[in-house]
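Those sequence lines, one after another, are chains V and L. With the working numbering applied, the first sequence corresponds to residues -12 to 174, in that order. With the working numbering applied, the second sequence corresponds to residues 696 to 942, in that order.
Note that these hints are calculated values from the structure, not bench results. Everything numeric in this text was worked out from a predicted model, so none of it was measured. Please note: incorrect hints may appear among the correct ones.
Below, a sample of chain L positions facing chain V; criterion: calculated Cβ distance under 7 Å [said to hold, decoys possible]:
| hint | residue |
| --- | --- |
| 1 | Asn745 |
| 2 | Glu748 |
| 3 | Tyr773 |
| 4 | Val775 |
| 5 | Thr776 |
| 6 | Ile822 |
Residues from chain V that keep clear of chain L, each with C-beta distances beyond 10 Å, as calculated [as the list claims (entries may be wrong)]:
| hint | residue |
| --- | --- |
| 7 | Ile16 |
| 8 | Lys48 |
| 9 | Arg71 |
| 10 | Gly87 |
| 11 | Glu106 |
| 12 | Arg124 |
| 13 | Asp132 |
| 14 | Asp171 |
C-beta atoms are modelled at their ideal positions from N, C-alpha and C, and glycine is treated no differently.
In case you want the letters, here they are:
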Amino acid sequence: MNPFGIGFAYTIASAAASEGGGGGNPVAIDYTYPSQILSFLILVFILAKFAWKPLMEMMEKRRQNIEDNLANAENERKEAERIRQEYQAEMLKARQQAQGIIEKATKNSEERASEILAEARKETEKMKQAALADIERERDKAIADVRAQVVDMSIAVAEKIIQQKLDIKGQEALIEQFIQEVGDRPC
Amino acid sequence: MHEIITWQVGNGTVHAKTLIMTWTVMALLLIFVFLGVRNLTSGKPGKLQNILEWVVDFVRKLVSDNMDYKKGAPLLSYLVTLIMFIFFSNMIGLIPNFVAPLFKHVEAAKLNAILGGATLMSPTADINTTLALATLTIILVIGLGVKHKGAHYFHHFIEPHPVFLPIHLIDILAKPMTLAFRLFGNIYAGEVLIAVILLLPGLAVFGGGIIPMPVWLGFSIFIGAIQSFVFTVLTIAYIAQAVAQDH
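All chains, please: the whole structure from these sequences, using the hints.
Shown next, in the form of structure tokens:
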């Protein structure tokens, strides 16, 4: 009756059985006990092999995935940061270059402007000189003209006077002196 | 309360109803779990997979809270099976016996008697089941103790002095006993009360069981969940005690 030697439980069982008269005893131990051990071990075996192992592997895989994703995200963040800094450095360089170009252009234009100014001044000077020379020449010419006319007029005047009052022959010295005086006079 | 129906096996007997219900629970558990792991994905899990993952995580947390997780990890499959088997067992006793009419006239293997009655029976309402589980627990405790500590494991039986040996022996016997009887008592009492409520006078005419029955069924669901949790936690605690490096 008691093949498993579970004395304590069996004592309770038999005591209860003798009181309750058999069928209703809830604490009766028999071959159900090893059968339940076996059943449960089989259940554990089947579930462990076909359910829990793949399930846990899948959970581990997901954990791994998430870890990888986080690492990837971190890497990408760093990469983005690097690119941003590169871009900033590039921008700075470009700005400096632009600044340089502008400065150079300004300098060039200033130089060019002063050059043009200097040239203009030179040209003006040259024109002024030319104009002065022209004026001088014109004046000389005018003086010469006037002198010639005065000589002509003087001669004409002298002729008339001489015709009226003088014998040309007798007065040659006088006429000569007169002409000389007219010629020396400034106009 | 269920009449014990036995099958003759060799020179002994087995409790037919317990076995039938155990196999039913096993079948339901297998169907439930295999539906859950049918389309395993590491991406977005389905509802059933989510439930199973929750159970696994729950037990994993219990283990890692109580002991060095490396030592407990190989036990995880056993513990998850344990908590789910006990929970399903406790729950099945609350389900009305809708299969009774099908087997009413089946005399073979006393099936008409086994599957009769008002409600299905919890396998855990039989001391054989709970004692079987408790025995496995204590085998695991001693086995893992020896595995992790070698012969030194047995040294704790005479700590702090050899005089304490009887106390330690009682302790190692009391652990599975208390495990088994706690679970059995809770579930068996629950089923007894269901039977009693069904016997309330006036049931047929006034529906005397209509108010107390749902209340008690609800409470039984709570008890069943708590007891499956307690059994698993205590198993983990006993194993943790055995494998802990306390010296």
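Whether V:Asp132 stays farther than 10 Å from all C-beta atoms of chain L, as the label says: holds (117 Å)
Does L:Val775 hold up as a contact with chain V if the rule is Cβ-Cβ below 7 Å? holds (6 Å)
Minimum Cβ distance from L:Ile822 to chain V below 7 Å? Holds - the Cβ of L:Ile822 comes within 7 Å of chain V, reaching about 5 Å at its closest.
Is the Cβ of V:Glu106 more than 10 Å away from each Cβ in chain L? Correct as stated: the minimum Cβ-Cβ distance to chain L is 81 Å, above 10 Å.
A cut-off of 10 Å on Cβ-Cβ distance, and V:Arg124 was said to be off the interface with chain L. Does that hold? holds (107 Å)
So, L:Tyr773 near chain V? Judge it on the closest CB pair being under 7 Å. holds (5 Å)
Against chain L, does V:Ile16 keep a CB gap of more than 10 Å to every residue? About 6 Å separates V:Ile16 from the closest Cβ of chain L, which leaves it inside 10 Å; violated.
Interface hint status, L:Thr776 versus chain V (Cβ within 7 Å): OK, holds: L:Thr776 within 7 Å of chain V, min 5 Å.
Outside-interface status for V:Asp171 - nearest CB in chain L farther than 10 Å: Since the minimum Cβ distance to chain L is about 128 Å, V:Asp171 lies beyond 10 Å and the statement holds.
Should the interface hint for L:Asn745 be scored as holding, given a Cβ-Cβ cut-off of 7 Å against chain V? violated (11 Å)
Would you check whether the claim that V:Lys48 is not at the interface survives, using Cβ distances to chain L and the 10 Å cut-off? violated (4 Å)
For the restraint on L:Glu748, tell me whether the closest CB of chain V is nearer than 7 Å. holds (6 Å)
In this structure, the earlier hints numbered 1, 7 and 8 are contradicted, and the remaining ones agree with it.
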